[in-house]
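Novice: Residues per chain, in single letters:
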Amino acid sequence: MAPLYKLTYFDGRGFAESARFLFKYGNIDFEDIRIKRQDWPKMKNMLGTPFGQVPVMEHNGKQICQSAAICRYLGKMVNLAGNNDWENLEIDSIVDTMNDLRMKIMLVQWEQDAVKKRELKDTVLEEIVPYYLARLEALVEKNKGNLAVGRLTWADLYFVSMSPGFDAFIGGDTFAAYPNLKLLRDKVETLPGIKEWIENRPNSDF
Amino acid sequence: MAPAYKLTYFDGCGVAETSRFLINYGGIDFEDVRIKQEDWPQWKPKTPFGVVPLLEHNGKQVGQSIAIARYLAKKVKLAGNDDWEDLEIDAVVNTVQDLYQKLVPIFSEKDESKKKTLIETAQKESLPYYLSRFEERVKKNKGYLALGRLTWADFYFATMSPMFDLLTGGDNLAKYANLKGLREKVNGLPAIKKWIEARPKTPF
Numbered sequence: 000m001a002p003l004y005k006l007t008y009f010d011g012r013g014f015a016e017s018a019r020f021l022f023k024y025g026n027i028d029f030e031d032i033r034i035k036r037q038d039w040p041k042m043k044n045m046l047g048t049p050f051g052q053v054p055v056m057e058h059n060g061k062q063i064c065q066s067a068a069i070c071r072y073l074g075k076m077v078n079l080a081g082n083n084d085w086e087n088l089e090i091d092s093i094v095d096t097m098n099d100l101r102m103k104i105m106l107v108q109w110e111q112d113a114v115k116k117r118e119l120k121d122t123v124l125e126e127i128v129p130y131y132l133a134r135l136e137a138l139v140e141k142n143k144g145n146l147a148v149g150r151l152t153w154a155d156l157y158f159v160s161m162s163p164g165f166d167a168f169i170g171g172d173t174f175a176a177y178p179n180l181k182l183l184r185d186k187v188e189t190l191p192g193i194k195e196w197i198e199n200r201p202n203s204d205f
Numbered sequence: 000m001a002p003a004y005k006l007t008y009f010d011g012c013g014v015a016e017t018s019r020f021l022i023n024y025g026g027i028d029f030e031d032v033r034i035k036q037e038d039w040p041q042w043k044p045k046t047p048f049g050v051v052p053l054l055e056h057n058g059k060q061v062g063q064s065i066a067i068a069r070y071l072a073k074k075v076k077l078a079g080n081d082d083w084e085d086l087e088i089d090a091v092v093n094t095v096q097d098l099y100q101k102l103v104p105i106f107s108e109k110d111e112s113k114k115k116t117l118i119e120t121a122q123k124e125s126l127p128y129y130l131s132r133f134e135e136r137v138k139k140n141k142g143y144l145a146l147g148r149l150t151w152a153d154f155y156f157a158t159m160s161p162m163f164d165l166l167t168g169g170d171n172l173a174k175y176a177n178l179k180g181l182r183e184k185v186n187g188l189p190a191i192k193k194w195i196e197a198r199p200k201t202p203f
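Same order as they appear, the protein sequences are chains A and B.
First residue of the first sequence? That's 0 in numbering that gives the first Met the number 0, and the numbers climb one at a time after it.
First residue of the second sequence? That's 0 in numbering that gives the first Met the number 0, and the numbers climb one at a time after it.
No false leads were mixed into what you were given.
Some chain B residues near chain A, calculated using beta-carbon distances under 10 angstroms:
(1) Tyr70
(2) Asp82
(3) Gln96
(4) Glu135
Quick look at which bits of chain A chain B covers, simulated, 3 or more residues with Cβ under 8 angstroms:
(5) 59-71
(6) 89-95
(7) 124-137
Simulated from the structure, these hints should not be mistaken for lab results.
For every residue, glycine included, the Cβ atom is placed at its ideal position computed from N, Cα and C.
Generate the whole structure from the sequences, applying the supplied hints.
Specialist: Written out as structure tokens, the structure reads:
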């Protein structure tokens with residue numbers, strides 16, 4: 000039987016890896032569709048989503064985009080969500096916070112002007128990244144080794160799936176100076192389902 | 000008795016207004032704390048991640064405007080009836096947010112000529128691209144952004160779209176009858192209309 004879920008994205012981790020982690024953790028069969036760069040212009044118009052964005056998840060003939068929204072849905076499905084509305088708020092809040100950090104990094108990568116890019120990168124590396132990481136480190140310590148509600152949630156998988164991207168940006172191990180974040184990464188990367196996925200997933204430079 | 004909820008933000012609508020709309024729509028008693036610009040330096044270090052809005056309830060404090068709005072929406076019954084419906088609402092909200100984030104650099108650009116270029120690009124590209132598609136959606140969804148009925152996605156759009164105008168200096172919904180109609184519908188809800196009349200008058 001064909002998988003119930005289809006996930007379409009570029010051939011890389013990027014904004015889709017968090018969903019792939021959740022599918023793998025939950026042992027949910029999904030079709031992992033990867034668009035090659037040269038095929039994107041053609042595929043963009045063929046995608047059913049009006050905003051021409053990926054990742055796109057398809058289920059029951061419906062297509063939906065927006066990676067964080069998809070992950071929240073999958074998080075509930077694989078029992079990594081909150082037990083009540085306030086817990087879900089705490090999880091959502093930390094996910095949006097890490098998206099803020101990622102956006103600040105993406106703004107550097109999108110900057111065309113070489114001088115401005117250099118200045119921006121220095122600010123992000125020297126001020127913004129440490130600001131966020133110090134606070135995330137403290138939060139994980141307070142939350143018994145997880146980012147929210149004192150236990151494993153989809154926020155932890157979402158965060159760890161992003162970490163190779165942070166490493167690529169800073170040119171090293173993002174969590175070198177942050178033992179609790181390092182432990183969290185190790186914990187998530189060795190979860191059943193995730194461990195095998197990381198070993199077997201296609202290689203990509205993003 | 001003190002209100003059960005406290006919402007802290009700057010003294011303006013900004014990204015907190017969605018939550019203020021939801022709170023008023025649901026008749027929830029809340030303390031509407033507004034930080035003056037000159038007091039922000041003292042406040043910032045006391046926040047979890049240096050940003051507002053913050054929602055406080057039962058001694059706990061949480062940030063992130065969209066997360067807060069989603070929580071409040073459930074309380075006031077403007078969320079989905081199941082996980083897939085919530086996903087559909089979330090996806091629309093995040094897409095409106097994408098448009099807003101494309102416009103935000105206009106605000107921080109100090110160079111006047113670069114700012115002008117950013118505004119022109121937004122008016123020629125991002126705004127028509129997104130707004131025309133939202134317009135189609137609202138037409139197909141019986142006048143709403145999701146699920147064919149009023150949800151917090153409509154509140155999000157109604158409160159974020161004035162910022163498109165603030166950033167670009169235009170009336171961006173003028174050409175989009177359904178989007179304009181949607182915003183007017185939200186603003187015309189009795190509790191919202193009352194709030195709009197009563198709220199502090201602020202530049203943003």
